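Novice: In order, the protein sequence lines correspond to chains A and B.
Per my numbering, residue 1 is the first one in the first sequence, and the count goes up by one each step.
Per my numbering, residue 1 is the first one in the second sequence, and the count goes up by one each step.
Hints are computed from structural coordinates only; laboratory data are not their basis.
Since no wrong hints were added, every one of them can be taken at face value.
Just a sample of chain B residues kept apart from chain A, beta carbon distances all over 12 Å, derived:
| # | residue |
| --- | --- |
| 1 | Ile12 |
| 2 | Gly16 |
| 3 | Thr17 |
| 4 | Ser18 |
| 5 | Val19 |
| 6 | Gly61 |
| 7 | Leu68 |
| 8 | Ala72 |
| 9 | Ser73 |
| 10 | Leu76 |
| 11 | Thr78 |
Here are some of the chain B residues that sit facing chain A, going by a computed Cβ distance under 8 Å:
| # | residue |
| --- | --- |
| 12 | Phe34 |
| 13 | Ser43 |
| 14 | Leu46 |
| 15 | Thr49 |
| 16 | Gly97 |
| 17 | Glu103 |
| 18 | Phe106 |
| 19 | Pro108 |
| 20 | Gly109 |
Cβ-Cβ distance ranges computed for the label pairs, FRET-style:
| # | chain 1 | residue 1 | chain 2 | residue 2 | range |
| --- | --- | --- | --- | --- | --- |
| 21 | B | Ser99 | A | Ile60 | 28 to 36 Å |
| 22 | A | Lys55 | B | Ser73 | 31 to 39 Å |
| 23 | A | Pro79 | B | Gly53 | 42 to 50 Å |
| 24 | A | Gly94 | B | Thr82 | 22 to 30 Å |
| 25 | B | Phe39 | A | Gly94 | 19 to 27 Å |
Since we're looking at a predicted model, the values are computed, not measured.
Built from N, CA and C at the ideal position, the CB exists for glycine as well.
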Amino acid sequence: KNEVEQSPQNLTAQEGEFITINCSYSVGISALHWLQQHPGGGIVSLFMLSSGKKKHGRLIATINIQEKHSSLHITASHPRDSAVYICAVTPNTGNQFYFGTGTSLTVIP
Amino acid sequence: GAVVSQHPSWVICKSGTSVKIECRSLDFQATTMFWYRQFPKQSLMLMATSNEGSKATYEQGVEKDKFLINHASLTLSTLTVTSAHPEDSSFYICSAGTSGTYEQFFGPGTRLTVL
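Please take these sequences and the hints and turn them into a complete structure.
Specialist: If you want it as structure tokens, here you go:
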């Protein structure tokens, strides 16, 4: 069983749509991370959360520690948002990441 | 922000040869570096964790004699794939972190193709 589950696996949206990607985890955590991987392979850290909500531009990340659930929202989506979004957690037992399987997002003009 | 580089970005080699991949933290000191491999359309799989000046900790199923990791300084870790075989062809990514934080900063990755 994977410690981190993401949904959906694949997502296609029209430009301008509001997008939500969900992440659930089953372990106690020190932090949750949302990462973005572009087709070339490079990975960028979007957010690190341990509680509440963070916003950066059109991206919003929320976490509910009691429910062990996090969401990543993209407002006014744009084709350049097309990428794989990965949820990862740092468990409170160590400093490694447990990764979700990723959500492949395609935004169509 | 923190920058991690990897070199080379891609490499093609013949079966049986060894390949060294470098991971450098450019603007911070990395007490811990992580090595991952990623197959197409799959998530990252942790291979090993290395702390500066000590032996790497390998994940179950990863052969430490085949994937040699050296973390000799706070800014450099190397992964050497020894006697590479076609099944070692993959995308290898490193990340770096500092003690006291939960963040990891990822390198751009190295695509290895073994013929």
